[in-house]
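Q: Build out the structure end to end from the sequences listed, making use of the hints.
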Amino acid sequence: MLTDLYEFKKDLGKRGIFFCLSGPISQNLVAEIGTTLEQKMTLEDTSKSTVLRVFSTVVENAQNIMRYSDEKEEKLSLGIIAVGYEDNHYFVLCGNMIEKNKVERLRSKLTALQNMDKNELKEYYRKQRRKGPAPIDKSRGAGLGFIDMAKKACQPIEFDFKKINENFYFFSMKTVI
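Residue 180 is where the sequence shown ends in the numbering used here, and the numbering goes up by one at each step.
Rather than coming from a laboratory, the hints here were simulated on the basis of the structure.
Don't take each hint at face value.
To be verified - The calculated lysine-lysine pairs, modelled on DSSO-like cross-linking and capped at a C-alpha distance of 30 angstroms, are:
#1 Lys112 <-> Lys125
#2 Lys105 <-> Lys125
#3 Lys134 <-> Lys166
#4 Lys134 <-> Lys103
#5 Lys177 <-> Lys154
#6 Lys51 <-> Lys154
#7 Lys51 <-> Lys177
A: Put into structure tokens, the structure is as follows:
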């Protein structure tokens, strides 16, 4: 297992990933991640606006994991977040388990976002904001956070649903900034 850990680290590096967290996600942890990412990206002379876009994307993904992951451990939501750099762009990966009954609704909303251009995303965001917050017991899912990430992305967001068993899928998403 110990030698596998080094191979895992090398594999992350080959994929351009310089930060990866898998496990329970909390608000306090997100703040620490933000500080670490800001320091690393600042050392690389990354523009402040890019640092902020990457950080806000990480925060939004972490919040989605905390709110919507159907994999819990002692009331903490489990998921994975990774940040990397390839082809002159930063990217943020995230993933978490979701129940089967949520897949098609989320797929439909994310596919719609994928097919919108920047102007359409801005207009759709404005319309959704005017609707006000969703009732606490009825999350809109693929709402303002996903729209905002799609707006900040330099290419359409990518996503996938991997069937784990009859009841659960692993949802994963990539946002390139």
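Q: Run every hint past the structure and note whether it holds.
A: Status of each hint after checking the structure:
For the suggested pair lysine 112 and lysine 125, the alpha carbons sit about 15 angstroms apart, so the restraint of at most 30 angstroms is met. At most 30 angstroms may separate the alpha-carbon atoms for a hinted pair to count; lysine 105 and lysine 125 meet this at roughly 25 angstroms. Distance restraint check for lysine 134 and lysine 166: the Cα-Cα separation of roughly 33 angstroms exceeds the 30 angstroms cut-off, and the hinted pair is therefore not satisfied. Restraint check for lysine 134 and lysine 103: satisfied, since their Cα atoms lie roughly 27 angstroms apart, inside the 30 angstroms limit.
Using a Cα cut-off of 30 angstroms, the hinted pair lysine 177 and lysine 154 holds, with the two alpha carbons roughly 13 angstroms apart. A C-alpha spacing of about 18 angstroms is found between lysine 51 and lysine 154, which places the hinted pair at or below 30 angstroms, so the restraint holds. Restraint check for lysine 51 and lysine 177: the C-alpha separation of about 21 angstroms stays at or below 30 angstroms, so the hint holds.
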